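Asks: Here is how the chains run, residue by residue.
4 protein chains.
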Amino acid sequence: MRGYTGDKDAYLKRLRRIEGQIRGLQRMVENDEYCIDVLTQISAATKALQSVSLGLMDEHLRHCVAEAVAQGGDTADEKVREASEAIARLVRS
Amino acid sequence: MRGYTGDKDAYLKRLRRIEGQIRGLQRMVENDEYCIDVLTQISAATKALQSVSLGLMDEHLRHCVAEAVAQGGDTADEKVREASEAIARLVRS
Amino acid sequence: MRGYTGDKDAYLKRLRRIEGQIRGLQRMVENDEYCIDVLTQISAATKALQSVSLGLMDEHLRHCVAEAVAQGGDTADEKVREASEAIARLVRS
Amino acid sequence: MRGYTGDKDAYLKRLRRIEGQIRGLQRMVENDEYCIDVLTQISAATKALQSVSLGLMDEHLRHCVAEAVAQGGDTADEKVREASEAIARLVRS
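Residue numbers (our numbering), protein chains in the order written: chain A, 153 to 245; chain B, 153 to 245; chain C, 153 to 245; chain D, 153 to 245.
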């Protein structure tokens, strides 16, 4: 049971759509399609991945971090630190 | 009193350093310095701003969001939504 | 024949590896793995996609834009504008 | 004489406006304004800096890189490599 479990099917559907985008990219490269068109498709796939990340982070704050904070103590501190590090990775990737 | 109040002086110091970087950029442009060197300095200033954002977000989760969550109810929900939107702006800027 | 044609196999290999990362993400979500671990894997896939973009952009500048510029005229202008727009999409995604 | 020289005054004006945004951020922190409002202003300043970068990169491709490419040889190669590295820094910051 995770923060995102309630929306699991929706997340799986989005990830399968992204998998399709990546396969589409392979076809584009195989067919020597124009660089700029390939780049545009990569931007679309990147945005879709980012949007999944932002959704998961929202669920994580809403459930896992909120629970840890409600219980207090070291776990709360640890959960916030962990979330902050994940946000930093998101921002820098 | 805000989440970052305890580190206020450190944040002000970092923002003044960034102000200095922006003034340095103006001098570079005035002196017709090489485009790539100007771009490198802009990347440094952008990274410094991002690092301030990540610090503020950490404090915000640690204090404001944690407090709201501890009290529960609509405010907690609202605070998490607001934090998620700020994270999305960070990631997309 | 495109700017990236010489490295086509290497690009296809990288895209297939990214496809594998996306399928790995689906398994993680199906197995209810920890949100932060899923986020870490999404960051890795995003970085891999970005790195493909940067490689394609380099090839594009090196071949397509360079050729257009060598010929001069409106095509050169158009190619640079198009590359700048693609760079903006990369930076903002 | 650089790629951006023709627009020098416009770039200086934009950089002075960004300097004003950074000073505004210092006032916000001094007045203990709400974290999320500070973060929103940082995102605005970051976007403004990014937009300056994209403009400079466009000028750089249009003038410096185009000239080097027209002359050909090692300089052209070097200029493209340098531009690609600057694009990578932009994307990753």
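Rather than coming from a laboratory, the hints here were simulated on the basis of the structure.
Quantities reported herein were computed from a predicted structural model and do not represent experimental measurements.
One thing to keep in mind: the hints can contain errors.
No farther apart than 25 Å at their CA atoms in a straight line, the calculated lysine-lysine pairs in the DSS-like style are these [claimed, not checked]:
| # | chain 1 | residue 1 | chain 2 | residue 2 |
| --- | --- | --- | --- | --- |
| 1 | A | Lys199 | D | Lys165 |
| 2 | B | Lys199 | D | Lys199 |
| 3 | B | Lys165 | D | Lys160 |
| 4 | C | Lys199 | D | Lys199 |
| 5 | B | Lys199 | A | Lys199 |
| 6 | A | Lys199 | C | Lys199 |
| 7 | A | Lys165 | C | Lys160 |
| 8 | A | Lys199 | A | Lys160 |
| 9 | C | Lys165 | A | Lys160 |
| 10 | C | Lys199 | C | Lys165 |
| 11 | B | Lys165 | B | Lys199 |
| 12 | A | Lys160 | C | Lys199 |
| 13 | B | Lys160 | D | Lys165 |
A partial selection of chain A residues facing chain B, derived with a Cβ cut-off under 7 Å [claimed, not checked]:
| # | residue |
| --- | --- |
| 14 | Ala162 |
| 15 | Ile188 |
| 16 | Leu206 |
| 17 | Ala218 |
| 18 | Val232 |
| 19 | Ser236 |
Far from chain A, by Cβ distances over 12 Å, these chain B residues were calculated [claimed, not checked]:
| # | residue |
| --- | --- |
| 20 | Gly158 |
| 21 | Lys160 |
| 22 | Leu164 |
| 23 | Arg168 |
| 24 | Arg169 |
| 25 | Asn183 |
| 26 | Tyr186 |
| 27 | Lys199 |
| 28 | Gln202 |
For every residue, glycine included, the Cβ atom is placed at its ideal position computed from N, Cα and C.
Asks: Hint by hint, note whether the structure agrees.
Replies: Going down the list of hints, with the structure as the test:
1. Simply put, Lys199(A) and Lys165(D) have alpha-carbon atoms about 32 Å apart, too far for the 25 Å limit, and the pair is violated.
2. For the suggested pair Lys199(B) and Lys199(D), the alpha carbons sit about 12 Å apart, so the restraint of at most 25 Å is met.
3. The straight-line distance between the Cα atoms of Lys165(B) and Lys160(D) is roughly 29 Å, outside the 25 Å bound, and the hint therefore fails.
4. With a C-alpha separation of about 21 Å, the suggested pair Lys199(C) and Lys199(D) falls inside the 25 Å cut-off, and the hint holds.
5. With a C-alpha separation of about 21 Å, the suggested pair Lys199(B) and Lys199(A) falls inside the 25 Å cut-off, and the hint holds.
6. Only pairs whose Cα atoms come within 25 Å are accepted, and Lys199(A) paired with Lys199(C) is accepted, the gap being roughly 12 Å.
7. Note on Lys165(A) and Lys160(C): the hinted pairing is violated, with a Cα-Cα distance of about 29 Å set against a maximum of 25 Å.
8. Taken as a hint, the Lys199(A) and Lys160(A) pair is honoured in the structure, with Cα atoms around 19 Å apart against an allowance of 25 Å.
9. With a CA separation close to 29 Å, the supplied pair Lys165(C) and Lys160(A) exceeds the 25 Å bound.
10. Distance restraint check for Lys199(C) and Lys165(C): the Cα-Cα separation of roughly 16 Å lies within the 25 Å cut-off, and the hinted pair is therefore satisfied.
11. Among the hinted pairs, Lys165(B) with Lys199(B) is consistent with the structure: their alpha-carbon atoms are about 16 Å apart, no more than 25 Å.
12. Simply put, Lys160(A) and Lys199(C) have alpha-carbon atoms about 24 Å apart, close enough for the 25 Å limit, and the pair holds.
13. Of the supplied pair hints, the one linking Lys160(B) and Lys165(D) is violated, its CA atoms being roughly 29 Å apart against a limit of 25 Å.
14. Evaluation of the Ala162(A) hint against chain B yields a violated restraint, the C-beta minimum of about 16 Å exceeding 7 Å.
15. Because the closest C-beta pair between Ile188(A) and chain B is about 22 Å apart, greater than 7 Å, the hint is violated.
16. Using the Cβ-Cβ criterion of 7 Å, the hint placing Leu206(A) at the interface with chain B is satisfied: the shortest such distance is roughly 5 Å.
17. The restraint placing Ala218(A) at the interface with chain B holds, with a minimum CB-CB distance near 4 Å, inside the 7 Å limit.
18. A distance limit of 7 Å between C-beta atoms decides the matter here; for Val232(A) the minimum to chain B is near 5 Å, and the interface restraint holds.
19. A distance limit of 7 Å between C-beta atoms decides the matter here; for Ser236(A) the minimum to chain B is near 4 Å, and the interface restraint holds.
20. Its beta-carbon lying about 15 Å from the closest one in chain A, Gly158(B) satisfies the requirement of being farther than 12 Å from that chain.
21. Interface exclusion of Lys160(B) from chain A stands, the closest Cβ pair being 19 Å apart, more than 12 Å.
22. Annotated as non-interface, Leu164(B) keeps its C-beta farther than 12 Å from every C-beta of chain A; the closest such distance is 21 Å.
23. No beta-carbon of chain A is positioned within 12 Å of the beta-carbon of Arg168(B); the least distance is around 23 Å.
24. The Cβ of Arg169(B) lies farther than 12 Å from every Cβ of chain A, with a closest approach of about 20 Å, so its non-interface assignment holds.
25. Every C-beta of chain A lies more than 12 Å from that of Asn183(B), the closest at about 31 Å, which supports listing it as non-interface.
26. Every beta carbon of chain A lies more than 12 Å from that of Tyr186(B), the smallest distance being close to 26 Å; the non-interface claim holds.
27. A cut-off of 12 Å between C-beta atoms contradicts the statement that Lys199(B) is not in contact with chain A; the least separation is 9 Å.
28. Look at Gln202(B): its CB is around 6 Å from the nearest CB on chain A, not clear of 12 Å, so calling it non-interface is violated.
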